[in-house]
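Line order of the protein sequences matches chains A and B. Heads up: the first sequence runs through residues 28 to 369, numbered per our numbering. Heads up: the second sequence runs through residues 604 to 1363, numbered per our numbering.
Where hints are given, some of them may not hold.
[To be verified] To give a feel for the contact side, a few chain B residues facing chain A, derived at Cβ under 10 Å:
#1 ALA712
#2 VAL1264
#3 LYS1280
#4 LEU1281
Keep in mind that the hints were calculated from the coordinates and are not lab data. Glycine residues also receive a C-beta, built at the ideal position from the N, C-alpha and C atoms.
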Amino acid sequence: MKPFDYAAPVNLDHSLRALARGRGTRALAGGTDLLALMKARVASPDVLLNVKQLRDLSRDIALDERGASLGALVTLADIELDPAIAQAFPALAQAAASAATPQLRNMATLGGTLLQRPRCWYFRSERFECWLKGGTECHARHGENQFHAVFDTGCCRAVHPSDVACALSALKAEIELRGSHGPRRLAIGEFFDPPREGRRVETVLRDDELVVAVHVPRPAPGSRSIYLKAMDRAAWAFALVSVAACLRMDEDRVAELELVLGGVATVPWPVGEALRHLVGKPLAARAIAEAARGALAGAEPLRMNAYKLPLAQALIRRALHSLAGSASEAVSLAPELHRGPP
Amino acid sequence: MQTLVRPSDTHASGSDPGLDPYHATSAAGRIEGPDKVSGRARYSADVRLPGMLWAKILRSPHAHARIHDIDTGAAAALPGVHAVLCYRNAPDIPWYDHGRLFDRTVRFAGDEVAAVAADSEATAEEALRAIRVTYEPLPCVLDMASALAPGAPAIHGTSNRAGDPAIEQRGNPRRGLREAELIIDRVYTTQVALHNALEPHGCVALWQDERLTLYASTQGVNTLRCEVADKLSIPERQVRVVTEHMGGGFGAKQVAWKHDVIAALLARESARPVHLMLDRHAENLATGNRNATRQHLRIGAKRDGTLTTITARIEIQIGAYRAGGETSSVDGIYHSLYACRNVRTEQAVVYTNTGPAVAFRAPGYVEGNFALESALDELARALNIDPIELRLRNYAETDQRRRKPYTSPDSLRRTYARVSEAFGWRRYVRSVDSGPKRRGIGFAAHDWVGGGGSPPGKVRLTLVPPGRFRLESAAQDIGTGTRTALAQVCAQALGVDIATLDIALGDSNLQLASPTSAGSATLATLAPAIHGAADQVRKRVLQAAAELLLEPAQALELRTGRVVANSGRELSLRSLCEHLGRRTITAIGKRAANRRSQSIRTCGAQCVEVEVDIETGEVRVVRVVASHDCGRIVNRHLVASQVMGGVMQGIGFALTEARVVDPRSGVVLNANLEDYKLPTVADTPVIIHAALDLADTEANVAGVKGIGEPPIIPTAAAIANAIFDAVGVRLYNTPFSVCGMLEKLSGPPHARMCDNDEPR
Ligand SMILES: Cc1cc2nc3c(=O)[nH]c(=O)nc-3n(C[C@H](O)[C@H](O)[C@H](O)COP(=O)(O)OP(=O)(O)OC[C@H]3O[C@@H](n4cnc5c(N)ncnc54)[C@H](O)[C@@H]3O)c2cc1C
Ligand code: SF4
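If we strip away everything but chain A, and leave its shape as in the complex, we get (with noise of 0.2 Å):
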């Protein structure tokens, strides 16, 4: 890790002005991303910024009739864990319980989720200077991309790791942000937007702006999301796919649907587009399953991530027919399950 200087503002104006001074000034929250990125040297602040004990930075969470607004500085373990989010956002709480491990949990804050960087094992070893680091080449294009992007948004092929900002996609939540010069506020899908040439990282966020909360529409009556994801282990492991989805029913139709994949491309990635074709029809099986497959339309996979496909679309069915109501039937993918004795 490269020596860095450390400070602890007091309150975020003092952050905000330390921010616009020096360019290698960076915010620490959990600093459970952070800290492994310095050490691997990915990351090489000269002064870390800890925002941990702002006082002006939330760490609350508090619900209304017109939705949530969560503080910068709560922490996963506070989503998973609020009975009033579990209730209004299940989506959120499961993807917050998803993530990562308790004590981890109890760490990570809502600021520093949305702002982790990929996970790509190229990204994190001081080995590679690949282009995400500002490097050429992107070295997962033809090494080991398993767990790559499979939808193709320019030179980097990592994907998103953040379980909550996949699940915050889905229910359209904004993204408060506090710059010295003052605030703005962007829907989610703005805020994440896919690195390119200039900007080589995830979101727009600017140098010298802060996330300063999160606020969460409360989703019209009747409305009801859920989170999936498949991992590789049953805990401790980043999304291979994960789906959050939102849908509201009017009577048997669908009046309402939003679906974000995560696990696929470099930021969460809405497939809502896709599935516009179903609002105002009954979700029946066959258009469920016709559904899944056009939200993986467009998909360019790798050398090794083409079983992202099939899986993305699995839990895409089983998102939906779980907000349905309707049984979910198994699709087999082998042609005929055989069996012998005993």
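Knowing the structure of chain A, use the given hints to seat chain B with the ligands on it.
Relative to the frame of chain A, chain B with the ligands by itself:
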């Protein structure tokens, strides 16, 4: 999830509790338990010595390269740096088959290039970064297929085959094939797995005059002493190795690694004690791994299930070097597990530019067992014979390799019966197959060449004032509970309470020949020696007491803290010690050789239930029942913890663990505990240890055998067989990842969704 040993199972089938000498103490807690949970136990990394420096090793970023030059000037000039070593200034010490301690050619990403010792870890790291190395990268081969391809660059000499294949044959396999009415002909592959013991490798080195002390995390204090002395060209008596407590080794800590000698050299160079523990990253690059294998297996059988032939062509990926230690015998199990007249194996060893392989819990047997036991299951299905019944029809009554009877010929059969009963194999009712989650059950058997123990093994037992016994053995407790088990054996052999016994372990200066903790040999080696020492000490205590009590020695009995005569008179050991004055009663017990006329084996069986999600490819192990013959059970908690640990490690091997190497650079991409996926507690099913507890008194007086390695052996095959039972998909390549499962489940059109056909 819950993990349990059903108490009712632990003594159910074997010996009558009334005859079991450990019945009363079998549930004893670990002697060192309170020290460990309270943090008092001192591991190698905890050693702090006055003036101690912190050392770090610079490793090659290249999989294969020639070092043109190293400039250590800037590193050495940093304030706080006390020593820098590389090929330029370090003694030229031969290492591995053809290499040097600091080689001019590096052969895997992680190979040792230079080392520094400094005042602090941060300074040591800074110094490493200041070392300038000029490499000339060389072409590399990262898997066996490319290593064996025509024109592949050779890592050593002219070919990437490490010597001639080992061929072992009995009978006439060709005839066996002709006689077969059904043939299973398959290729299996297994991956490189990493040990990931909780405690990494490393040591603290201290020189006092010409004498070196290493506080090392090692499975063999005596082996390490011998190897380090040899490398440093100093007499063995000048080296002392101390291992007080250890956090596991799983086989990877049974040889001297370069860092052991590097620590000693840095300490000598800086004239300071040196602390050199590896971090998780280095641990996962350069301290061994389970070799990948490719096994082409053919078994032939009659319609009634009788095996007519077993042949296997095996290639094992040794990595860049042969690291020594226990060899990986993938071929072993093919020759012994089943009665078969015509068996042939050919095992070739292949070099690649990857970290060297080393023994990993039942080396070779885990890999071979996966293939053999998968094939047996396939055969059972094809013949429509119950898998356990098929195994019984081919039961090996004798050791066909050594042509000897077994000391416990019946025990394997008994483990079949135990697991089958405890699992409910024959009563199993499958849930209805409607949803996407399908359940199935699988069985696998195993044997293991180790567990019998052998000389040398010496212990010293002494009566010490004021009437306690002190047991000494150089052997180390690598975390398995050796300390507790040895003390229990000793207390039982003397007939005294364990609380009146002190035990000293893990110090080569005790000058007692002792086994390396490998081959599941420690208890089976030392328990008979302890019996020998206890017999002598008891006899002499009784003699001394006889003189004082004026009773014949035959009329006396040793009890806790005292000697009791038939007449009712007693003498406390305290008084005895007072009378003895400066005379001590002490004896050395020596492990005698095993009988030549018989063969000792350990063996067992496991039944597994899995749940497969046919849409997402996720596999969950629901429960495992394991039964293993480890002879007499001295401590059922210790045995159960070996069984659970082995099963968990087996689940990891079967489902999630695999080293991932970048195909272009040879860099290991998951040398950490986030991306190298060990099973978590949430992945751990109910594990039931259906204990056998069958004293093997033909094997040795104590009736004990090893349990360290066996429980990992059959797990992967049992899981594979259960997956087949659940969804009809046969798996030939470990691990069974979500990616691989989806590929299999979706059939040909989606084929090759992930490249896991060749082990990496
Ligand atoms: C072993 C492991 C497993 C994990 N598994 C999962 C998982 O399964 N799912 C998942 O979603 N996540 C997982 N995570 C990631 C974890 O959720 C993040 O590390 C965590 O949410 C980051 O929060 P933090 O408060 O610790 O952030 P920090 O590490 O303190 O900061 C992370 C980044 O956010 C910036 N930042 C923090 N707060 C603010 C703010 N208010 N405004 C602007 N910038 C800010 C920091 O400058 C830094 O760049 C895992 C992490 C680990 C280490
Ligand atoms: S996927 Fe992105 S982070 Fe990974 S190597 Fe490519 S550019 Fe770098």
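Status of each hint after checking the structure:
Hint status for ALA712 (chain B): holds, given a least beta-carbon distance of 8 Å to chain A, under 10 Å. Using the Cβ-Cβ criterion of 10 Å, the hint placing VAL1264 (chain B) at the interface with chain A is satisfied: the shortest such distance is roughly 8 Å. The restraint placing LYS1280 (chain B) at the interface with chain A holds, with a minimum CB-CB distance near 5 Å, inside the 10 Å limit. Hint on LEU1281 (chain B) holds. Least Cβ distance to chain A is approximately 8 Å, under the 10 Å limit.
Hint compliance for this structure: no hint is broken.
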